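Engineer: Position chain B against the provided structure of chain A, taking the given hints into account.
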Amino acid sequence: MNNAAFLPVAFEVIQLVGALLVLLVAVVAGKQRKFWAPIAGVAFLASAAAGLFQWIEVAETGGGFFFSTPDLRIMRSPMVVMDGFSAFAAILLGLVGFVALLGSWDLVKVLGGRAAEFVALTLLAVAGLHMMTMTPNLVVIFIGLETASISFYVLAGFIRQSRESDESALKYFLLGSLASAMFLYGVALAFGATGSLTIYGANSIRDFFSLHIITEPGILLAGLALMLVGLFFKVSAAPFHQWAPDVYQGAPSGAVGLMAAGVKVAGFAALTRIFVGGFISQIDTWAPIVAVVAALSMVVGTTMALVQKDLKRLLAYSGVAHAGYLLATLVGGMEGVPPMWFYVSTYAFMIIGAFTVVSVVRGPTSSDAPIDAFKGLANRSPEMGWLLAIIMFGMSGMPFFAGFVGKVFAFVVAGEAGYLWLVVVGTLTTVIGFAFYLRVVSTIFASDDDGDDIEPSMSARFAVIISAVVTLFFGIVPWPLLDVVRDALPL
Amino acid sequence: MPVLSILIALPVIGAIVVALLPTRRQELVYPVALAMSIPPLAVALYMLWNFVPRDASFQFAESVVLVESFGISWSLAVDGISLFMVVLTALLFPISIAASRSITDRVKTYMVLMLILETGVLGVFLSLDLFVFFAFFEVVLIPMYMLISMWGSENRAYASLKFVLFTAVGSAFLLASIVALGVMTGSQMGTFANFDFRNMLQADLSSTAQLALFAGFGIAFAIKVPLFPFHTWLPDAHTEAPTAGSVILAGVLLKMGTYGFLRFNLTLFPEAAVDLAVPLAVLGVIGIVYGAAVAIVQPDIKRLVAYSSVSHMGFVVLGTFALTTQGLSGSVVTMISHGLTTSALFLLIGMIYERTHTRKIADYGGLAKVMPVYAGIFLFSAFASAGLPGLSGFIGEFTILIGSYLTLPVLTIIAAFGVILAAIYLLWAYERVFTGPVTNPKLEGLKDLGFRELAILVPLIVLIIGIGVYPKPVFDRIDSSVGIILDRIEATTDFEVPEYGTPDGVVELHYDAEGDHEDGGDH
Chain A
1 MNNAAFLPVA
11 FEVIQLVGAL
21 LVLLVAVVAG
31 KQRKFWAPIA
41 GVAFLASAAA
51 GLFQWIEVAE
61 TGGGFFFSTP
71 DLRIMRSPMV
81 VMDGFSAFAA
91 ILLGLVGFVA
101 LLGSWDLVKV
111 LGGRAAEFVA
121 LTLLAVAGLH
131 MMTMTPNLVV
141 IFIGLETASI
151 SFYVLAGFIR
161 QSRESDESAL
171 KYFLLGSLAS
181 AMFLYGVALA
191 FGATGSLTIY
201 GANSIRDFFS
211 LHIITEPGIL
221 LAGLALMLVG
231 LFFKVSAAPF
241 HQWAPDVYQG
251 APSGAVGLMA
261 AGVKVAGFAA
271 LTRIFVGGFI
281 SQIDTWAPIV
291 AVVAALSMVV
301 GTTMALVQKD
311 LKRLLAYSGV
321 AHAGYLLATL
331 VGGMEGVPPM
341 WFYVSTYAFM
351 IIGAFTVVSV
361 VRGPTSSDAP
371 IDAFKGLANR
381 SPEMGWLLAI
391 IMFGMSGMPF
401 FAGFVGKVFA
411 FVVAGEAGYL
421 WLVVVGTLTT
431 VIGFAFYLRV
441 VSTIFASDDD
451 GDDIEPSMSA
461 RFAVIISAVV
471 TLFFGIVPWP
481 LLDVVRDALP
491 L
Chain B
1 MPVLSILIAL
11 PVIGAIVVAL
21 LPTRRQELVY
31 PVALAMSIPP
41 LAVALYMLWN
51 FVPRDASFQF
61 AESVVLVESF
71 GISWSLAVDG
81 ISLFMVVLTA
91 LLFPISIAAS
101 RSITDRVKTY
111 MVLMLILETG
121 VLGVFLSLDL
131 FVFFAFFEVV
141 LIPMYMLISM
151 WGSENRAYAS
161 LKFVLFTAVG
171 SAFLLASIVA
181 LGVMTGSQMG
191 TFANFDFRNM
201 LQADLSSTAQ
211 LALFAGFGIA
221 FAIKVPLFPF
231 HTWLPDAHTE
241 APTAGSVILA
251 GVLLKMGTYG
261 FLRFNLTLFP
271 EAAVDLAVPL
281 AVLGVIGIVY
291 GAAVAIVQPD
301 IKRLVAYSSV
311 SHMGFVVLGT
321 FALTTQGLSG
331 SVVTMISHGL
341 TTSALFLLIG
351 MIYERTHTRK
361 IADYGGLAKV
371 MPVYAGIFLF
381 SAFASAGLPG
391 LSGFIGEFTI
401 LIGSYLTLPV
411 LTIIAAFGVI
421 LAAIYLLWAY
431 ERVFTGPVTN
441 PKLEGLKDLG
451 FRELAILVPL
461 IVLIIGIGVY
471 PKPVFDRIDS
481 SVGIILDRIE
491 ATTDFEVPEY
501 GTPDGVVELH
511 YDAEGDHEDG
521 GDH
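Read top to bottom, the protein sequences are chains A and B. All residue numbers for the first sequence refer to this note's numbering, where the first residue is 1 and numbers rise by one. All residue numbers for the second sequence refer to this note's numbering, where the first residue is 1 and numbers rise by one.
Chain A extracted, bound-state conformation (with noise of 0.2 Å):
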């Protein structure tokens, strides 16, 4: 394979340089704005051509590996895969990024010269992670994983001033370091093992146990099992998930769209590129964990956003029990992958409009939301009313919203593999759902309203539009999207 390639690592390259550009331009053009708006944008639409053009070239040649480094034994191993699953990662990574980007620049609009940062820790951040779904490389995922993390730390913490955002950025710092380190030691446990690192290319992890049958699991259990905790409090799965609600209300509204959908996507990508692409061979061992920690994220994520008083924490709790459906798609192997990202994909843009919303009502740099904020919203801003309540279908699964189609995919795999409880439990969930996103939907229509006029700005009505498109479209005509990410396997 050629190691001079550039395609297979476009999407980083041209992150990185957006964000260097950004601080350079920060520095030398002086503090502004209508400097940074352009790059930004360029280099989220960028990376997402970039994916395409992966995803042209897979199609073609059926991808491959890159940088592999043949001197060193142990390391000898490719660094970057480009197939399907990561060519689609990119595009959705930056039409993410972008409309996130989008949804917070009333946020950059108000941090003024502290915008600059703001800026390029987002891109930054994206960059990270789409590494965690591009290698096939343990270690390297670990990297893309910290990358991210440590951005969303940063922005959780963004409005210095704020208590809230300050005590966001502590929580998610203390408990993001001590997730990542569980699952560093989960990836050093599997490699001590297996003794690979790596999940494709020579001595894999996959070669490994075609080769081998391990007759006392202890130490890859207990690897396996550090790797899942680790990502499982990365997408808030529950019991990991006592983070989220707190880090959502505190973090500022303007920023926390990009944390829930991008760490959602990354993390189901590399849960899948590692467990269904590397440890497929165990699926025994692990599935059923996996449909334990699903149940009970739907669970115990539909039952607390029950009692939720504030939009931001029913969010977070409602994303406790989406992880869950994820989850349940992961137990059907390689079937799920297909379900995952159409489920991801669409809830990535859902998560977005709402936070854009939370943001556009409340203020950007806003912590709490009472869901009394947003009574008679339908009244006072038609626009935002009724694409809230759009996006409040789609999350809730109703049917012709593209959280239905989702759902009921991601249930027919859990059945297909034989967890049928698990289906069980997901529809009563869902159906237990209905109740809290109806109560924002009715909130949203109460015809007292006691608020002002609400006037969005451009971006913000964008990104909360094409959300609401997404939910729409795919939940109307969802045939196209499932019809791209079939072919958007790891290999």
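The hints are simulated quantities; they were obtained by calculation from the structure and are not laboratory data. Bear in mind that the values here come from a model prediction, so they are computed numbers and not experimental data. None of the hints are false.
Label-pair ranges, simulated between beta-carbon atoms:
#: 1; chain 1: B; residue 1: 157; chain 2: A; residue 2: 373; range: 14 to 24 Å
#: 2; chain 1: B; residue 1: 157; chain 2: A; residue 2: 368; range: 17 to 27 Å
#: 3; chain 1: A; residue 1: 421; chain 2: B; residue 2: 459; range: 47 to 57 Å
#: 4; chain 1: B; residue 1: 357; chain 2: A; residue 2: 114; range: 56 to 66 Å
#: 5; chain 1: B; residue 1: 420; chain 2: A; residue 2: 239; range: 54 to 64 Å
#: 6; chain 1: B; residue 1: 105; chain 2: A; residue 2: 174; range: 44 to 54 Å
#: 7; chain 1: B; residue 1: 446; chain 2: A; residue 2: 368; range: 50 to 60 Å
#: 8; chain 1: B; residue 1: 204; chain 2: A; residue 2: 143; range: 51 to 61 Å
#: 9; chain 1: A; residue 1: 174; chain 2: B; residue 2: 204; range: 51 to 61 Å
#: 10; chain 1: B; residue 1: 357; chain 2: A; residue 2: 160; range: 52 to 62 Å
Here a beta-carbon is modelled for each residue, glycine too, at the ideal position from N, C-alpha and C.
Structural biologist: Structure of chain B alone, referenced to chain A:
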């Protein structure tokens, strides 16, 4: 020509047209929405005209594969059972929209929701793919929820949420069962999953699987019907909904439940259906008596009619689980008849409510003197609902009783009291509202029904009389589809569908005045 796809698409197109009307021209919304609800009715009538009677196969069938790997397809068709549900739906929507003249607040949203609701309901009755069926089954929830919660009366928030949660809990079981059945069907066909109804019929299910899936489907439909003890959402939702919402709820939404029992529970799980027939019929009879008894003491006239629905739908369930030709055919006819009579009653109550803004029976008295035409139509509708011979309610419920007597004689005798109770609660309500002196001064000087209101009611009256006097064309189309269901039950279980001696015997013993129904279901 994909008639059924066009039929499903027409209301959506109408909704888009209404949504695109300029905001400044609010006065256009009502006539445009009304006009947009007419083409579906025309298509439905075209279907009714071209439907081949005495043919049990699915007609106007069309099928396009949507997701190959999951075995999901856009399969639509009608048979004798769904045909009338579709026509009823297509008829009641223009009527409800026409009756929504008094809606002035956010009228555009209202009309858009009504038209989307129509698409959802039509989709439920036409889909043969269970995935698509479920999608439509659920999509009905959103517009109905919003209609109740945005345009309902005082207690609307509570009623609408209760409606959604009850229905959605049922849907959860339905979805889980559909997924399980789809996966089982698929694995037996050697594919990942398959959701086509006709393929599911071929699936070989164990007794346990049949029972579990029957329960899963059954809970969803029992809540929708609603079957006692799942009925508690109904009085609230019906009472709080705006008039058109009540009409649609009672007229077609409840039928989604009984239709589901007929189409899916009896056909897909015949073994479980035979095993569980008696308990379900008992619940139906409890519903008949309980609904009627509670209706008698209601102080709110709308709530009274709501409870009468529980009673009437109990008859439908009794007929369905009698598992005889007459029972099933009678159920379908009662579904039609209940859709017509209850809609008429809700429309009438809506019309008087617009004038007086009260639904309390105690606030009325002597109304017949003030509004004689109104009183006459109300009495007519009450008689139709109570099952006066010569009107549609009689045909349906009497056929059910004939059918269920074959298999469930004791329950049938108890159920027959429901007919008497219906006469009591309706006529007693009539007496209190319409007869005697005018006690409430506010009632004096009320205008009788206008031309628009009469035009809304006349089609219902004509159909109630038409089916009551000459039900043969209806039975001709229902009987063979019902026969297929029973044939399948006989073929797959050791249950034998009992028959009354010779077909001629049916004529002479049980049909007299309007005895056009000679061959009573023995095609």
